[in-house]
Each structure stands twice: as C-alpha cells, then as structure tokens.
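Which chain is which? The protein sequence lines are A and B, in order.
Under my numbering, the first residue of the first sequence is numbered 1, with each subsequent residue one higher.
Under my numbering, the first residue of the second sequence is numbered 1, with each subsequent residue one higher.
Quick caveat, the hints were computed from the structure, so don't treat them as lab data.
It is possible that part of the hints are untrue.
What the hints assert, rightly or not - These stretches of chain B come out as covered by chain A in the derived footprint (C-beta under 8 Å, 3 or more residues):
| id | region |
| --- | --- |
| 1 | 194 to 208 |
| 2 | 308 to 319 |
| 3 | 372 to 384 |
Unchecked claim - Dumping the calculated DSSO-like pairs for lysine-lysine here, alpha-carbon to alpha-carbon at most 30 Å:
| id | chain 1 | residue 1 | chain 2 | residue 2 |
| --- | --- | --- | --- | --- |
| 4 | B | 226 | A | 269 |
| 5 | B | 226 | B | 303 |
| 6 | A | 20 | B | 252 |
Stated by the list, open to error - Partial pick of chain A residues on the chain B-facing surface, computed with a CB cut under 7 Å:
| id | residue |
| --- | --- |
| 7 | 51 |
| 8 | 53 |
| 9 | 54 |
| 10 | 58 |
| 11 | 60 |
| 12 | 66 |
| 13 | 70 |
| 14 | 72 |
| 15 | 95 |
| 16 | 98 |
| 17 | 103 |
| 18 | 220 |
| 19 | 243 |
| 20 | 272 |
| 21 | 273 |
| 22 | 318 |
No residue lacks a Cβ here, since even glycine has one placed at the ideal position from N, Cα and C.
2 protein chains.
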Amino acid sequence: MRDVAIIGVGMNKWGELWQKSLRDIFVESALLAIEDAGVGHIDSMYVGCMTSGLFVGQEHLSSLLADYLGAGPIPSARVESACASGGLAVRMGFIDVASGMSDIVLVGGVEKMTDVGGDGATYALSTAADQEYEVYHGITFPGLYALMARSHMEKFGTTREQLSQVAVKNHENGSKNPLAQFPQKVTVEQVSKSIMIADPLTILDCSPITDGAACAILCPVEMAKKISKKKPSVKIIGSGNATDTIALHSRKDFTTLSATVKAAEAAYKMANVKPENVDLAEVHDCFTIAEIIITEDLGFFKKGEGGKATQSGMTAIGGKKPINTSGGLKSKGHPVGATGVGQVVEVVHQLRGEAKDRQVKDAKIGLTQNMGGSGGSAVVHIMQAM
Amino acid sequence: MRDVAIIGVGMNKWGELWQKSLRDIFVESALLAIEDAGVGHIDSMYVGCMTSGLFVGQEHLSSLLADYLGAGPIPSARVESACASGGLAVRMGFIDVASGMSDIVLVGGVEKMTDVGGDGATYALSTAADQEYEVYHGITFPGLYALMARSHMEKFGTTREQLSQVAVKNHENGSKNPLAQFPQKVTVEQVSKSIMIADPLTILDCSPITDGAACAILCPVEMAKKISKKKPSVKIIGSGNATDTIALHSRKDFTTLSATVKAAEAAYKMANVKPENVDLAEVHDCFTIAEIIITEDLGFFKKGEGGKATQSGMTAIGGKKPINTSGGLKSKGHPVGATGVGQVVEVVHQLRGEAKDRQVKDAKIGLTQNMGGSGGSAVVHIMQAM
C-alpha cells in the first residue's frame, strides 16, 4: 500500500443556506479544496452523503456532483454510513490512493438538511436507526442518546453540569471558527436550563440541523512532496472502520460505543500511535454525552472519567487533550454526510498551524472520529504533519 | 495492486417478495455466496443500494447488514450510484482487495422496491435523474429512454421490431433461469402491442420493479488458488467506472452513452482485452433500447447496428456474442441496487460452466456493464476463468 497525504482542504460556511442547493454547496467546498491543493485535475472522487433522497429527492450524487464540478467523466462514488458517511468517503479515497488505482482523489461530504419541511428532518435522520425495531416504536436520536446519558450518569456519576460543560467548551471553540453555524458562546446554566428534548438532554445538548459541505484532496505521499503548495503536508497514518449492532437494545452496555473502540484500535495499530501521542481530536459530539463516551472509548481518559476530564478543562484548547477545537458538531454544525470530512478539514488546519485563535500549540498528530446513528458504525483517522 | 478473484456468488430468487424484508433478502444472498466460497469469515463488506431511504425508510445499511449477517464489527460500507450501485460495490471490493487492506471481502447489492405504495416507486427511481432540471418538469425514466429510442430510430433506422426482439431474446434466456422474476416467454407481437408507456416504449420494453439481492466473495488471486472450493475461480481482469452529465438535455448525442464508453475503455485497457475477445456480456437493459445502445458502445457492434445484430440472432445464446444470458434486467428483474452484482453472479456461473440450459459454450471471458440513471454513471468489469 502506498502512503497517502492530504494536500488540500476546503469547506463552505455551514448554516441554514436557503439560497443554495446541495450541488452549490458541494461545488463551493470542492473548489476551495482544489485551490488549496493547487492541483489542475482530479482522478476520481468519493462523496459521503447520508440521505439526499429523503432530504432533497436526489440520489445519484456520483454523477450529479462530478457533472456540476466539471470533473466528469472521472470515476465517482457516493458512500453512505449514516452520519459517518463523510469519514467513510475519506477512507474510500485513502484506499483508492493506497491501492495505486488513482493518484489525485477528491473526498467530500455534503448534506442539505433544511429544504425538508415539518417532521421531515427528524424522519430522515431516524433512518440511521433500526427502522423496524426502534423507529417504528417511536424513538428518535435524542431519545437513544438520552438512554446512554442516563446509563453513564447512573454507572459513573456523570453530572448534568459535566454534560453542559461539553457544550460550553465547544461553543467557546466555535466562537473562534468563522465557518461555524452557531458561534455564540453559552453558559453551563443556559445549557442545563434550555428546553428539555429527551431527559436529561436539553436542546443545547443536541447538535443542530445544518446545510454544509467539506472536501479534501488526497494523493500519494511521494507526489505530495513534489506538488504540495501548503507546508507541511499532512499524512494519513491510520484508518479504521468498524460496525456495531444498529439497534441500541441489542447491546450489553450503553456506556461504551464498541464500533468506535474497534475502529480506533485499527487506526492506532496502523499508525503505530498510542492515545497519549494524539495532540488533538475532532470527535462526533452529536449530543454532549457522545463526546464524553467517545473520549473514553478512544483511550484519552479512563472509562467513566470523560465528564470529569471535560469539567477540569483538559479537553479545552490549552488543555492536555484538546477536543473539537473547531466547535464540533454542537457549534460548527452537523450536516450529517459532511461532518466526517469537516473534522479532517479542522485537523489539517491545526497540523499546518493555520487555525489562528483556535491553534493548538505544537500540534503534530491529530485524530478524527466520525460515527453513524447511535454508534452502529464508526470511522477513525489519524493524521500527522509531514 | 494485487490480482483479485471471485471465489463465491449467491443470489436469492428475485420477484415481489412480500414476505421478506430488505435485511432478509440480503442475508439470504450473502449466506449463499459465503457457502459457495466456502469461507469461514469475511474481512470487510460493500453493499450497493440505490435508495433504501425512499423505498423502506432505512439508511445506514453498512451497520444494519453487517449486524444481521452476524459479520460485525467488520468494516462495512454502503455505496450508491443509482442503478449502478451494485457494480460500484464490486469495484470498491476490488480496490479494497487490490490495495492489500482486506483479504476476503463480501460485495453485494440489495433493493426492496415493492413495499412502497402509490407512485412511490416511480418517485424513488426518479431521484436518479436531475431532480431540479428533469424530474421537476415531469419526465421520468421511460420518457428519458424513449427520447433515446426515438433518436436512435431516426438516426440509424432502428425498428420497433428490433426493440421487441431484445425483450423476446431476454425473456427466452430468463425462461431458463430459475431465479428470474418474469421467466415467461414473449413474442415480438406481444412486446410491440403491449400497453404504451412512453412512445415508442411499451410496458414490455421496460424492466420491472423487483425485490432482490446478490452477493459475491472476493479475495486475492494467490489466496483463491489455495482456498477456492469451486473451480475454475474467476479473476477480475478489468474494472472501469466513469460518469457523464446526469441530465440528458446536457448531452450532444442521445444515441451513445459516454460513461459506458469511458468505463469500458478503462476496463479493456486494464484487462488488455478487446471487445472481440469477450465471450458473453451482461448489460444494463433497463429498457430494450438501452441494450441496443450499450452493445454498440461496448464495441461489440458498429454504432447504429445493435438493433440489426439483435434481430439476426447474434446476441442470443449460441450466437456470436451472447448478451444477457441470465434474462437481463427485463426478465430476471431489476432490484436497482442489486442488479450490478446479479450480473457478476451470472458471468461467474457462465465462466465456471454452471449455467446449465443457459450455458455459453467455451466461455472464458465475460463482461458486465451496469449503469446509473439515464447513463450518468457506468461501471464495467471484465472477468476471466482462471
């Protein structure tokens, strides 16, 4: 397998983009990534998108987006693993370049979520859960993550304040990110006392509905050394993907996400890196409790101590293990299919030292963890400045 | 890149499977493929599905199907390129094995199309076209392919009878396939005089709505030599994927499908094979006119002579270039995401000499051509008996 580098990234401003369509926001991000990389062509492309069929009545993004990017007739694929679709697109591009099949590959993610009315977005998102055994009985994602939160609170003493602290920290980070959907800062009290969605999760524990896209350009490391415009280039040193039962009720323990554990194991092994070597991570905080569980499952903190670590400031910029310096899904936004690529965009900016007010000092190794549904799938990547 | 073999295939009986769900039919086919290959585990999986979100309200098939197959926590991806999703899954598995990332990979396709009521299936399928510029104005797929048919008839003198002959030949082949949805034979007169759908295409020019799945097991050729139960194994010697404009109105010529031309060029080049070396092919006859255009675009016949070649019997079993020995989409059925893998199942059976009444004598090299929408994407594979 060839070593793979990321030589360019691009992302539009995420938010409620009423004036733009799915194809517009994808092309905008793709052109930013192509410009950042300074390449004149691409050999193939992979786009992560969860459910453009339900959100905007459009499948066949492989053809549509290659067409509107002006990249046809190149090979093009849309990949889907619910909210982990973007991370999966990065992995597919990684394998494509590693195999020798393609040299310069565009990987992207996109979701246009605000064009659907009524309960449409809640229904569309619910298709990431088990339709026949979970959704049919009325539960949706805030409910599923509330079960995890209750379980974690019961078992480890995680507190309401610790959940809020995740949101406070991520909005603080997002306030420094000009591309974030909700850059406003919030307080512990505001989060704890905002509208209850699924006890104990309030609306400020939940990530928002977002329109957005993000893209990156991959190529072999040997080629990156010659053509990369931005220095340092970033090497993908580990890639892991794993699955778990799609339904929460099939799991023995609600306080761990085993697909994340397995995907991280595979990525750490490939990268020959340990959790303590990771300088920063972007993780899938679709709900505040998710960030707490994930930071434990990635081996950053002992099981049950993620809440305390957050409260102590360890996960803040300037802390020992900065998490979601971009603002995370909470503040930056969560256009589901784009999120995994958006995470990579942030890590690349950090490793290149371009993150300005959000910059983590001496960042050399970054990790992304992207997750589908209630953790039925996960994709982990580890990147290093070259 | 490592050489890649197909060591097992499996497919359920396609049709209107009211008593089975999407997960049921996928697992049924996957277990048949695993049994055929005689393997005890798989390392990763790729599933092609066009729009389970719109057909059954279920995305996140990566997790769901790995879970229900009992294959978790392995890496798993769902890929989509409209009706070419199955072919794309085969290509992703091919790249995965070729790269060295995985050894034993399951590739599959599935679609459950009959659970949706009213105009639901027509709407779901229309999402393979350009939603904003084609579907919005009321055209659906029979209309798009009718435009191609009219253009081909006008330019090359292709006749109503030649279109019908495609259906007659494919139903004749399908009558010998115990897994076909519509194994009944039809006559030229029946096809020509059946209900008009979009002039000149009658209902018997159109492929049906189908529930079905198909799977194959891939591994490195060197491993296949040791572990393959069935002889000969089949080697994938060429893989091509290409795109075209998603909308028909953006093309200069309706009588050629350029994504198919480009995907075939790439596959022929990789395989170092010419069209005349191909002993049989499964092609994407979603409408009768599509088979005529595709057999020209694959280089089997000169442009404009596909209709005549069909009429002369050249594409029948026993003819010079047997096309769609399985019955094709027309007779075997067209569960959109599964179709591309179903094509591979047929070619593998042919190359292993297991096709019984449908067997092409001395078949050594087979080709599959799978296509999305009105040809906005295409995937071509070339396989050879080892």
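Verification of the supplied hints:
{"no.": "1", "hint": "194 to 208", "verdict": "violated (count 0)"}
{"no.": "2", "hint": "308 to 319", "verdict": "violated (count 0)"}
{"no.": "3", "hint": "372 to 384", "verdict": "holds (count 4)"}
{"no.": "4", "hint": "226(B) x 269(A)", "verdict": "holds (28 Å)"}
{"no.": "5", "hint": "226(B) x 303(B)", "verdict": "violated (44 Å)"}
{"no.": "6", "hint": "20(A) x 252(B)", "verdict": "holds (28 Å)"}
{"no.": "7", "hint": "51", "verdict": "holds (5 Å)"}
{"no.": "8", "hint": "53", "verdict": "holds (4 Å)"}
{"no.": "9", "hint": "54", "verdict": "holds (5 Å)"}
{"no.": "10", "hint": "58", "verdict": "holds (4 Å)"}
{"no.": "11", "hint": "60", "verdict": "holds (4 Å)"}
{"no.": "12", "hint": "66", "verdict": "holds (4 Å)"}
{"no.": "13", "hint": "70", "verdict": "violated (10 Å)"}
{"no.": "14", "hint": "72", "verdict": "holds (4 Å)"}
{"no.": "15", "hint": "95", "verdict": "holds (5 Å)"}
{"no.": "16", "hint": "98", "verdict": "holds (5 Å)"}
{"no.": "17", "hint": "103", "verdict": "violated (13 Å)"}
{"no.": "18", "hint": "220", "verdict": "violated (12 Å)"}
{"no.": "19", "hint": "243", "verdict": "holds (4 Å)"}
{"no.": "20", "hint": "272", "verdict": "violated (17 Å)"}
{"no.": "21", "hint": "273", "verdict": "violated (18 Å)"}
{"no.": "22", "hint": "318", "verdict": "violated (35 Å)"}
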